[in-house]
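Asker: Starting from the known structure of chain A, arrange chain B on it as the hints suggest.
Going line by line, the protein sequences match chains A and B. Residue numbering for the first sequence follows our numbering, beginning at 561 and increasing consecutively. Residue numbering for the second sequence follows our numbering, beginning at 334 and increasing consecutively.
One or more of the hints may lead you astray.
[Unchecked claim] Pulled a few chain A residues facing chain B out of the computed Cβ check, cut under 10 Å:
(1) V591
(2) Q619
(3) T626
(4) T651
(5) L653
(6) A776
(7) D1297
(8) L1298
(9) E1300
(10) D1313
(11) K1316
[Stated by the list, open to error] The following residues of chain A were derived to be distant from chain B, with all beta-carbon distances above 12 Å:
(12) F578
(13) P599
(14) R627
(15) D658
(16) K666
(17) A984
(18) S1035
(19) F1072
(20) V1127
(21) G1148
(22) D1178
(23) Q1200
(24) V1206
(25) K1260
(26) Y1265
[Unchecked claim] Straight line, CA to CA, 27 Å or less: simulated DSS-like cross-link-like pairs of lysine-lysine:
(27) A:K636 to A:K1336
(28) B:K522 to B:K374
(29) A:K1316 to B:K459
(30) B:K374 to A:K1369
(31) A:K1316 to B:K374
(32) A:K999 to A:K1038
(33) A:K594 to B:K513
(34) A:K1318 to B:K378
(35) B:K378 to A:K1398
(36) A:K1336 to B:K374
In case anyone wonders, no lab produced these hints; they're calculated from the structure. For glycine and all other residues, C-beta sits at the position ideal for the given N, C-alpha and C.
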Amino acid sequence: MASPREDTWVHSVCDMCFAACGILAHRVDGVLVKIEGDPNCPASGGHLCAKGQAGLIGQYDPSRVTRPLRRANPRKGIGVDPKWEEISWETALYILTDKLTKVREKDPRGLVISSFDQIALSYFIRPVWAVAYGTPNADWVGYYCGNYLHASMYLTNGSFHSDFDLDYCNYAILLGNQQGFMAGLNATVMARKMADARRRGMRVVAVDPVGTNAAAKADEWVPIRPGTDGAFILSIIHVLLNELGCYDRDFLSCRTNGSYLVKEDGSYLKEGRDGKPLAWDQKSGMAVPFDENGISPALEGWFTAGGERCQPAFQALKEHVKAYTPEKAAPITTVSAATIRRIAKEFGEAARIGSTIVIDGKVLPYRPVAVNIYRGAGAHKHGTHTALAVQILNMIVGAYYVPGGHRGPNLVGPAGRWGPGVTAEGMITPPSAIGHGAKYYDFEEREPDDLGLHQLFPITTNRSPMYQLNLQDPSLFKLPYTPEMLIVCRRNLMMNNVNPELVAESLRKFPFIVSFSTHLDEVAEFADLVLPEQYYLERFDLFPNRPSHTMSPATGQFYWGLRQPVVETQGEARRWIDVLYEVAGRMGFLNDIYKLLNVSMGLKEPYKLDPEKRYSMDEIYDRWTKSLFGPERGIEWFKQNGYHKVPRAVEEKYPGPFIKPRFPVYFENMLRAKQSVKSVAARMGHDWDTSDYQPVPDWKPCPAYEDGKGAYDLYVVNFKIPFHSLSITTQNPWLNDLAEHNPYAYKILINADTAKGKGINDGEEIWVESEAGKVKGEAKLTECIHPQVVGIAGVFGSWAKGKPVAKGKGVHFNSLLPMSLERIDPVSTGVDSCIRVKVSRAA
Amino acid sequence: MTRYGMVLDLNMCIGCNACTIACKAEHASPSGVFFAKVLEKEVGKFPAARRVFLPVLCNHCEQPACKEVCPTGATSKREDGVVVIDYDLCIGCRSCIEACPYGSRTFYDGNGAYYPGYTTLFETAKQNIPEGVVMKCNFCVGRVDQGLDPACVQTCPTECRVFGDLDDPQSEVSQLVAAKKARPLLPEKGLNPSVFYIGG
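The following block holds chain A by itself, in its conformation from the complex (with noise of 0.2 Å):
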């Protein structure tokens, strides 16, 4: 054999699942060979999941679109062929920025933008295409983001996610997430922490209905009904406070609002009508500003200031939560009271409070248990409430930023880049370079004018569910402007989202759509317009480990990477950004861009964005860098080296007892928010329930709880498979294989009992229907699943012609779910996930 010419490896970043792993890209000959992890990215460490390593051969799919495409056939349907005519990229680029022209003269709020590019998305689109152009509607993203999840940690954490310490904790429960077994966020650091830690004796408890990977390798498996996780979490919180009297006093007075007087309408007793809010001094027996130095802070007892009786935010916690007995928590959860008591016992003495530990030097508060969430818990109506809850739990332990509990994301940044915000009450914000957008204490009270209602839904991260809606029936809101035109970024607005018909109609609505899409998927059946989008290894992006989503603490590194290019682009594929920028400075307004990037990137001179200069996204990228790094960590310095790092101190790994800001488990702020939210709808016109607003959590039935009438027997909830995600890898033909040999992906999970009562063998085709849709597919009985439960794993059952590998495989969960301001979570518009159905044998 001829030696090849050429033989090397590129430093990369995967784009398979959102948790940016760095890869080396192994060349031969301009043929990629091989991906595997970076061990240069702490992330991967030189590990890769299947879907990482899958991702070579999606990149010679010939199923791609190579060129721009327009539809000839007018009618749009599911099925419908739109009968593709290939146009030239400069046709595309006229016929773009022709309708992008006509749409911003009429009223530029009626361009919508779907994606969930992160990267492109949080940098390049939503704070400044978006605001130069002129649209509030950039902002689509998916439903199986977290977003009741996201705001709860906002509000908690300062941070946008739910993480924890695996170098120390020696018992996490998992409701309803897989976190450390390839689920979820910084999916292959985890796994490896997870394992490491289960080496040294971790224990960890799996509360799902469904038996996952995660459930499989748990030292316990607690089956719960869907949708009451947070009855399970409160009664462990009443069990812990009530019964075992076992919480951390010296954290709940000195680190929370525990300490806050509240007054018996639920707000804080306060220091004037601005002041600070006040604490009863234990020493003094007066009502004192909560921060005075010295003071003994009461966190239990009725006292009397200023005129007005008043109790510790604590106490109202404490009483609230006797509610939530494990007697009355049982017959809710199906979890037994006995179990529940045992866990929450576990719990508690595992806290191991007052201990401490020496790392580094420094004397830290030692709490090394957790209590994790992530989306499967909380994806029902009331879902704020359960997030909320569970960071309680984890709150009144103490285990919060010390070593072995719960933790945001890179709450602080290196050498005080970034850090969390307070306010005057002393609560704590998100860091802007996490969360900008969070204002969670002041609200704005004005008729809001996005498909979001922003304003309407205050305590949130993403309205998405809002713009399906207000597509739906433009009646419901009645906004000031009809929408024109949809541009739809590497998204795949039917699979993802509810019920796929649902979803039709409301992009029927959309006179003009544009698709950037790797494939003719099902998005496509409605667009006028596809655009041929570059694969993730013909792509540059700069950062994709992003500090608020994918840095993961655990790598005990802060680190930035670059995607590159590793192969040649197939076709004409572009960038979607690289598009919508070109089309920018068509229309005239990229100086307006540029000076909005300028302050988005936090440009420094001599890198600042001359607004009169045109600039390469390359250009851009070196710029961003050098000022972020100095001028030797240019672009190019990125691309031969992969990452930079900067290692973590102590104070940055475990940033609780090093900062002032303190943690609420108390939302006093929610009374102000209902109020907001009150005047907000009024002002539009409607009577809004506003009762999820409250200052302590509680568990409410969401609808599928109290629908089991008839035949609507059983509930049905998704679950995550750890070889796939969502609909973007259901193409790949090697993960298509994984799921074709294994036992549960493509099928119908349902537990044997269940299925013997109704007659159903396993491998023999089922119906499952809701009130919003069928599907069928293959029976598996499993004893791994609730009784009351039929599981359905990601997002499989496309129905495109473009995705022939895809095509016809698994069952489309999606298509069971309705959609209708009911069935979301009212605080954070979190789609509720879990429903009713009926089963029966489709011969």
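Answerer: Structure of chain B alone, referenced to chain A:
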């Protein structure tokens, strides 16, 4: 002497199949064929039920039954204990498939392309398995000869696989076999596999 072997910790395998795909990418194995895979089954009745994972590959037996039955000498054992197949000598008689009690071997019928009717540049560059031969895991000898771990070991996110020399008592594999009650699959077959399991 060197005798390469592997120890897999069943407690740490999370069934993610990173190994399965690493193997596929390394060897460009044909569609539907897995030289390394993760078997799954359920044990127990609800609620005391759970899924268990069993990652499997060629066991590189010390007395390989496949080699015994091979009429052409296509299957041989290297000095370092790795059992390999020479495709030039293999006549596809499939006796070895019958003889292997582990189901580690697959006959290649030539229908291996992942996109039907289309051969990718990757497959053209890397797939060197001729139609009509038998194929299996070769412990990634190409990598091992360069001093690298097999692809499945290199990628495993939980580091549940350890590769090394079973004849070296100081090696990590030998230490694990000695200390952790390591056992092979089907020891009663008397083939002395070089792949051992701990935990589980």
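Asker: For each hint, tell me whether it holds in the structure or not.
Answerer: Now for the hints, and whether the structure bears them out:
1. A least Cβ separation of about 4 Å between V591 (chain A) and chain B falls short of the 10 Å threshold, and the interface hint therefore holds.
2. A least Cβ separation of about 8 Å between Q619 (chain A) and chain B falls short of the 10 Å threshold, and the interface hint therefore holds.
3. Annotation: T626 (chain A) was flagged as interfacial toward chain B, and the flag is violated, the nearest CB pair being 14 Å apart, outside 10 Å.
4. Below 10 Å, beta-carbon pairs count as interface contacts, and T651 (chain A) has none with chain B, the closest being about 29 Å; its hint is therefore violated.
5. The interface hint given for L653 (chain A) is violated, since its Cβ lies 30 Å from the closest Cβ of chain B, which is over the 10 Å cut-off.
6. A cut of 10 Å between beta carbons decides the hint on A776 (chain A): the least distance to chain B is about 4 Å, and the hint holds.
7. Taking 10 Å as the C-beta contact cut-off toward chain B, the hint placing D1297 (chain A) at the interface holds, the least distance being around 6 Å.
8. Taking 10 Å as the C-beta contact cut-off toward chain B, the hint placing L1298 (chain A) at the interface holds, the least distance being around 6 Å.
9. The beta carbon of E1300 (chain A) is positioned within 10 Å of a beta carbon in chain B (closest approach about 8 Å), and the interface hint is therefore held.
10. With 10 Å as the threshold, the beta carbon of D1313 (chain A) comes within range of chain B, its nearest partner Cβ sitting at about 7 Å, so the hint holds.
11. Hint status for K1316 (chain A) relative to chain B: violated, with the closest Cβ pair at about 12 Å, above 10 Å.
12. Against chain B, the non-interface label of F578 (chain A) holds: every CB pair exceeds 12 Å, the least being about 16 Å.
13. Non-interface status of P599 (chain A) relative to chain B is broken: a Cβ of that chain comes within 12 Å, the nearest being about 10 Å off.
14. Look at R627 (chain A): its CB is around 18 Å from the nearest CB on chain B, clear of 12 Å, so calling it non-interface holds up.
15. For D658 (chain A), the condition that its CB be more than 12 Å from all CB atoms of chain B holds, with the nearest at approximately 37 Å.
16. At the 12 Å boundary, the C-beta of K666 (chain A) stays outside the reach of chain B, the nearest C-beta of that chain being 44 Å off.
17. Interface exclusion of A984 (chain A) from chain B stands, the closest Cβ pair being 45 Å apart, more than 12 Å.
18. Every CB of chain B is more than 12 Å from the CB of S1035 (chain A) (nearest about 47 Å), matching its label as outside the interface.
19. Distance to chain B confirms F1072 (chain A) as a non-interface residue, since its nearest Cβ pair spans about 33 Å, more than 12 Å.
20. Its closest Cβ contact with chain B, about 9 Å, brings V1127 (chain A) to no more than 12 Å, contrary to its assignment away from the interface.
21. The beta carbon of G1148 (chain A) is kept farther than 12 Å from every beta carbon of chain B, the shortest such distance being approximately 42 Å.
22. Its beta-carbon lying about 26 Å from the closest one in chain B, D1178 (chain A) satisfies the requirement of being farther than 12 Å from that chain.
23. Residue-level check passed: Q1200 (chain A) sits 23 Å from the nearest beta carbon of chain B, beyond 12 Å.
24. At roughly 24 Å from the closest C-beta of chain B, the C-beta of V1206 (chain A) stays outside 12 Å, upholding its exclusion from the interface.
25. Under the 12 Å C-beta cut-off, the non-interface status given to K1260 (chain A) relative to chain B holds; the minimum distance is some 26 Å.
26. Annotated as non-interface, Y1265 (chain A) keeps its C-beta farther than 12 Å from every C-beta of chain B; the closest such distance is 20 Å.
27. For the proposed pair K636 (chain A) and K1336 (chain A), the alpha carbon gap of about 25 Å is at most 27 Å, so the pair holds.
28. The hinted pair formed by K522 (chain B) and K374 (chain B) meets the criterion: a straight-line CA distance of about 23 Å does not exceed 27 Å.
29. This hinted pair does not check out: K1316 (chain A) and K459 (chain B) have alpha carbons roughly 48 Å apart, beyond 27 Å.
30. Taken as a hint, the K374 (chain B) and K1369 (chain A) pair is honoured in the structure, with Cα atoms around 22 Å apart against an allowance of 27 Å.
31. With a CA separation close to 20 Å, the supplied pair K1316 (chain A) and K374 (chain B) stays within the 27 Å bound.
32. With a C-alpha separation of about 25 Å, the suggested pairing of K999 (chain A) with K1038 (chain A) holds against the 27 Å cut-off.
33. For a cut-off of 27 Å, the pair hint linking K594 (chain A) to K513 (chain B) is broken: about 34 Å separates their Cα positions.
34. Our distance criterion of 27 Å between C-alpha atoms is met by K1318 (chain A) and K378 (chain B), whose separation comes to about 19 Å.
35. Only pairs whose Cα atoms come within 27 Å are accepted, and K378 (chain B) paired with K1398 (chain A) is accepted, the gap being roughly 24 Å.
36. About 24 Å separates the Cα atoms of K1336 (chain A) and K374 (chain B), which keeps this hinted pair within 27 Å; it holds.
When held up to the earlier numbered hints, the structure conflicts with 3, 4, 5, 11, 13, 20, 29 and 33 and fits the remainder.
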